[in-house]
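Trainee: Required output: the full structure, derived from the provided sequences and hints.
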Amino acid sequence: MNKRDSGLRLWLRFTIALFVTVLFAFPVYWLVAISFKSPEEVYAYPPVWFPQQFNFSSYLTLFRDGDVWAVWNSLVTAGISTVLAMLVGTLAAYSIVRFRTGGDHLSIWIISQRMIPPICVAFPIFLLYVSWNLVDTYVGLIMLYTAFNIPYVTWMMRGYIQDIPIELEQSAMIDGLTRWQVLRKVVMPMARGGLFATAVFTFIFAWNDFIFALILSKSEVVTYTVKVTGYFGSQSTFWSKISAMSVLGVLPMFVVVATMQKFIVRGVSMGAVKG
Amino acid sequence: MLKTLLDNDRTFRYLLVAPAVFFILLIGLYPFIKLIIASFQNISLFDDIRSFQGLLNYERLLFDDRLWHSIVRTLLFTAVALPIELVLGYLLAVLFLEKIPFKAALISIILLPTIISPIVAGATWRLMLDQRFGPVNQIISWLAGTDVKLLWTVSASLVWPAILIAEVWQWTPFMFLLLYAALSNVDREQLEAAQIDGASWWMTFRRIVLPAIMPVMFIAVLIRALDLFRVFDLVWTMTQGGPGTATETLSIYAYQMAFREFEISYSAAIAFLVIFLLTVVVVAALRRVEVSR
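Which chain is which? The protein sequence lines are F and H, in order. Numbers 1 to 275, taken from the working numbering, label the letters of the first sequence in order. Numbers 1 to 293, taken from the working numbering, label the letters of the second sequence in order.
These are calculated hints, taken from the structure and not from any lab test. Computed from a predicted structure; not experimentally measured. Some hints here could point you the wrong way.
Per the computed footprint, the stretches of chain F lying under chain H, defined by three or more beta-carbons under 8 Å from a beta-carbon of chain H, are [said to hold, decoys possible]:
1) 100 to 108
2) 116 to 122
3) 143 to 152
4) 161 to 170
5) 202 to 210
6) 220 to 231
7) 247 to 257
Heads up, the beta-carbon is just placed ideally off N, CA and C, and yes, glycines get one too.
Mentor: Okay, here's the thing in structure tokens:
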């Protein structure tokens, strides 16, 4: 806050900030580094800090054994459920904001669904899925992720839709647009930023899920989180497989977050302020 | 036909919420009702008896030491991890409010751990803390000058610190991001006026900064507290609740009961207890927000 920032203090701050950054980044580096190490380097003692060359054998093994399907499964289930949850949740949010549908009760009931720990309802859902033959299917996981993300989407989109001036919608209706057209041509474009931010988090929640995937998948629709934990054996642990699969599982996240960074920072802070 | 239906406000508004309500009823409410019924029954996977046995399962809860230990463990873990994340996140936010070269780049790197799934975070820290091939023991050895081989994820006295490190590493950036956003909105002029008036650091913090960041901080703490209370993924990857039951959290215990020991009715009673406790806490917390507004 000093008007004249002396160069020394600037550098001191930069040094501390850099040190902290390295501290947080190093484990990620280590994970990536191991995935590119040769088998000898992975089990070298003392540990090899910088792999001598990029060794793709860990990844090749995953591709050869077909383990990468797990990443594809995560992509399909998280992707489709995000689209569904966004659609269903946004419509509900619009109705709650503009028509006060269900008063406060409906919105509170919807958000309270989010609070329930997954493990608590896991077994009843498992039984339900067994009787419906939905265990180990795409449809099963997609339905579950959709249902669990709808409360979040509704809650977040409620805040964004509240910010859209109602006059805009009114004048559009005077111009002869139907309710449905107003929703598509006025509300959706106005809430674009909010839609992106919410979609990113919805995707992350589904992508990172472990409990449901663990319980509801056997051999067909195994997601990458289940696959990673599967490599931890009691006899031997496959470090190179674990690290390579983890990197494949983290990569899409980095891409999503890097391209959506602008929306995310705003989304997080706004969602928090609005509660 | 569809057009006139959509143009009708009353139909329209209910049509919009219908899919959301349907999904939640299907996968939210149904299991919940099933849970309550099962908790009064006597179901296990090995026999077909489904007799009602009243409150027997709930009575068993009261005398289940393993359950209460897991609850205490979970609460302790929350009570230790949350303040650490909050304070570290705040300090980072204060640091990054100042002018720093390459600020944006550094912030996005610091946020990396939060994006990663808890499963991968757990796997990463198992790699980091591996007794022989992990860099952490290597660094400690350098500092100590002798070969140190700490059994981070195996030895009973080190598992909790190991999990705590991973947890703090993953979620401090989340706190940092929220508090950074909140602190950026604090009125600068007010702060400068307070400085001119000679207010102490503590006074400025308590009277100006804290009230301004309180709403965000409250939500951040609530979100993290709920997450910590049901922590499963991270602990599962790092220790699976072991050694023995040393790191068995509430969620892990519930999982073991339902999917390893197939005590279906009893695990339903546990689940119901957890949902009940959470509802009480969250309702109380949210009421406090309402009051403070």
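Trainee: Decide, hint by hint, whether the structure agrees.
Mentor: Results for each hint:
Judged by the Cβ-Cβ criterion of 8 Å, the region 100 to 108 of chain F is covered by chain H as claimed, because 3 of its residues qualify and three suffice. Evaluation of the coverage hint for the region 116 to 122 of chain F: fulfilled, as 7 residues show C-beta separations to chain H shorter than 8 Å, against a requirement of three. As drawn, the region 143 to 152 of chain F meets chain H at 7 residues by the rule of a beta-carbon pair under 8 Å; at three or more, the given contact holds. Proximity of the region 161 to 170 of chain F to chain H, defined as three or more residues with a beta carbon under 8 Å from a beta carbon of that chain, is not established by the 0 residues found.
Against chain H, the region 202 to 210 of chain F contributes 4 residues with a C-beta closer than 8 Å to a partner C-beta. That satisfies the three-residue criterion, and the hint holds. Counting residues of the region 220 to 231 of chain F whose beta carbon lies closer than 8 Å to any beta carbon of chain H gives 3, which meets the minimum of three for the stated coverage. Given a C-beta distance limit of less than 8 Å, the hint that chain H covers the region 247 to 257 of chain F holds, as 5 residues qualify and 3 suffice.
Hint compliance for this structure: hint 4 alone is broken.
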